[in-house]
Amino acid sequence: AGPAAPPPGAGPGHEDFRPRIVPYYRDPSKPYKKVLRTRYIQTELGFHERLFVAVLTSKATLNTLAVAVNKTVAHHFPRLLYFTGLRSAKVPHGMVLVAHGDERPIWLMYETVHYIHQHFGSDYDWFYIMQDDTYAQAEQVKALVTHLSINQDVYLGRAEEFIGGDEQARYCHGGFGYLISRSLLLKLHPHLDSCRNEILSVRPDEWLGRCIIDFLGIACVSQLQGQHYHTYELAKNAEPEKEEEEEFQAALAVHPVSDMTLMYRLHKHFSRIQLDKAYQEIQDLQMQIRNLTSLTPAGEAGLTWPVGINAPFLPKSRFEVISWDYFTEQHLFSCPDGSPKCELSGASKADVSEIIESALEQLNSRYQPLLRFSKRQLLNGYRRFDPTRGMEYTLDLLLEAVTQKGHSHVLAKRVSLVRPLSKVEIIPMPYVTEATRVQLVLPLTVQDLDFVANFLDMFAMNTLDTHDNALLTLLFIYHPYDAQRVSQVDVFAGVKAMVGELEKRYADVKIPWISVKTEVPSQVKLMDIVSKKHPVDTLFFLASVWTEINMEFLNRCRMNTISNWQVFFPVHFQEFNPALVYRGEQTASSGTDFLRDGHFDRHSFAEACFYNSDYMTARTKLAADILDRDEVLESMEVFDVFLHYSGLHLFRAVEPGLVQKYALRSCNPRLSEELYHRCVLSNLEGLASRSHLAMALFEQEQANST
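Heads up, the sequence shown is in the numbering used here, so the first residue is 1 and it goes up one at a time.
Since the hints were derived computationally from the structure, they do not count as laboratory data.
One should not assume that every hint holds.
What the hints assert, rightly or not - Straight-line Cα separation of at most 25 Å, SDA-like style, residue types lysine to any residue; simulated pairs: (1) Lys187 - Leu234; (2) Lys277 - Tyr115; (3) Lys71 - Gly94; (4) Lys517 - Leu664; (5) Lys142 - Tyr115.
Modelling step: build the complete structure from the supplied sequences, incorporating the hints.
Here it is, written out as structure tokens:
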């Protein structure tokens with residue numbers, strides 16, 4: 001689409017454009033040139049981020065007021081940077097600081113505006129500049145820019161008159177912050193050098209205002225497009241909690257803030273105001289919902305609790321029923337590791353304490369002053385997560401109720417609570433690409449020889465034939481007895497012959513192998529050997545011999561693994577034993593139900609995607625912890641290394657692209673008890689479903705009875 005002609009009769013300033021289709025035409029005489037697409041669609045469409053915030057700080061206030069700004073409002077803004085004139089300033093934790101190296105106020109303002117234009121001028125629509133002795137209501141500022149047109153040159157703030165200047169010309173006071181549009185910044189930038197050389201001023205905000213007026217003819221305004229920029233000048237020794245003026249309550253920016261404590265008190269006061277407004281809006285909406293529900297076909301029976309929250313999930317079968325987890329104040333009876341009982345700690349303990357406290361608060365607010373409740377004991381607690389509405393709780397509380405006359409009575413009360421799902425946030429993730437090369441690592445023992453041929457065939461068909469950017473390294477694990485006889489009888493000779501055939505068929509492919517002699521094939525020890533032979537930026541996919549490689553999964557391996565951020569441990573789909581599932585019948589071959597007769601094997605951690613640099617970092621921490629006790633490595637897998645010795649995200653998810661045929665795994669009793677137990681469980685649960693096992697037992701009993 002291209003620019004459209006204005007409607008008939010529209011004047012030259014009319015902006016109500018209508019789109020029109022621009023037909024594509026390519027000159028046949030010119031050579032075809034491939035169009036390079038942008039990394040993100042918003043870049044191609046010309047979208048910009050909404051708001052950039054710059055905070056001017058100094059040597060005296062960097063570790064005080066600037067830190068207070070960072071702790072109160074910084075996390076509410078999409079992007080916030082601090083600018084100072086210090087040359088080598090020590091940056092407080094969690095702050096992004098730009099040091100210009102010159103503390104002169106005018107020079108700091110000049111460099112700041114120049115830096116913003118150079119680095120962010122093409123990425124944001126609005127630029128908000130404030131001082132660190134300003135308290136700004138972040139949510140109010142963000143709401144303000146959503147109501148302003150980005151097509152106008154905007155210079156918005158608290159308008160002040162120049163001393164001895166024209167009454168019509170005004171600048172924006174820097175202490176109360178001011179808003180500059182992207183279009184104004186782009187027009188202002190070519191004149192910054194002239195302003196620096198020609199305009200003399202003591203105050204940086206006056207200098208900037210004079211620059212904008214002299215070269216662009218735009219003065220500061222406090223009201224634009226029906227939006228007001230409300231400010232409040234704080235008196236000396238002011239008490240924010242006692243300020244009741246309407247001007248103060250509606251202020252977007254408050255100045256001057258003399259110390260950190262005052263900044264925190266202002267933030268608490270305005271946060272309470274916003275919270276009260278939010279609660280009042282919720283009550284008003286709930287009242288409207290109640291009034292309108294009576295007019296619906298379902299009537300008042302269709303009113304859900306809590307009002308305004310989605311109704312509970314209704315299961316369509318017994319397999320969709322969401323189970324409740326039982327807990328007390330000390331223990332949880334649904335533990336992550338599968339044990340029947342574990343101590344309530346961490347986030348779960350804080351969650352339970354908060355829910356009990358909230359329940360008492362609601363009971364007291366409802367029955368006071370007639371009754372006042374206090375908790376004696378939590379008798380029973382139940383909770384479950386409903387993905388349609390949030391976390392649901394049912395509590396049986398033993399309470400002591402005290403009347404106004406002082407009489408007390410102990411009673412049991414059941415209460416229900418819901419912690420609803422709030423605003424969904426998009427977690428920022430580093431950019432990854434599907435072009436990354438994947439290095440497959442395949443450990444092989446003598447027990448795996450029967451399955452190697454199928455693995456290599458699938459690897460050749462799905463990666464080599466498709467020219468996928470993937471390489472393969474084989475890890476031959478010799479038992480000490482086999483290693484001594486390798487010159488006479490090599491147990492892996494057949495596999496090496498298959499590799500040779502592949503290298504002949506694909507001339508540009510080399511499949512290296514590494515030979516290891518050990519009785520206990522520890523996953524960590526094997527990975528140590530492979531890690532040393534590859535660059536630090538290698539993306540590993542640790543595979544098993546039953547894995548059927550395909551392009552779909554390799555792309556997910558690339559996208560779900562992020563260097564210095566996240567590792568990926570897929571849960572493969574394990575097919576059941578066909579002898580038990582089909583009992584001589586023909587197996588299902590439909591492509592739509594290929595995940596029907598099997599299960600996702602949550603006991604297996606054999607497959608993993610991670611970067612070599614992340615593994616080396618975690619492995620170094622592990623080595624410092626265990627010192628020379630290498631026997632500890634026999635009880636660990638790569639998953640344990642990342643779980644306990646890295647601060648990375650561990651992404652564990654079911655992977656329908658990894659489908660493994662049924663095979664009885666050999667469990668090495670030389671490994672730790674936990675690893676051996678997990679292997680046995682994987683074999684047992686991989687036999688068949690309960691219904692298939694029941695049918696097999698029924699048929700066996702019938703056969704025995706006859």
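Verification of the hints:
Of the pairs offered as hints, the one joining Lys187 and Leu234 is violated, with about 34 Å between alpha carbons and a cut-off of 25 Å exceeded. As the CA atoms of Lys277 and Tyr115 are separated by approximately 38 Å, the hinted pair breaks the 25 Å bound. A C-alpha spacing of about 9 Å is found between Lys71 and Gly94, which places the hinted pair at or below 25 Å, so the restraint holds. Proposed proximity of Lys517 and Leu664 is supported: the alpha carbons are some 24 Å apart, at most 25 Å.
Restraint check for Lys142 and Tyr115: the C-alpha separation of about 22 Å stays at or below 25 Å, so the hint holds.
In summary, the numbered hints that this structure violates are 1 and 2.
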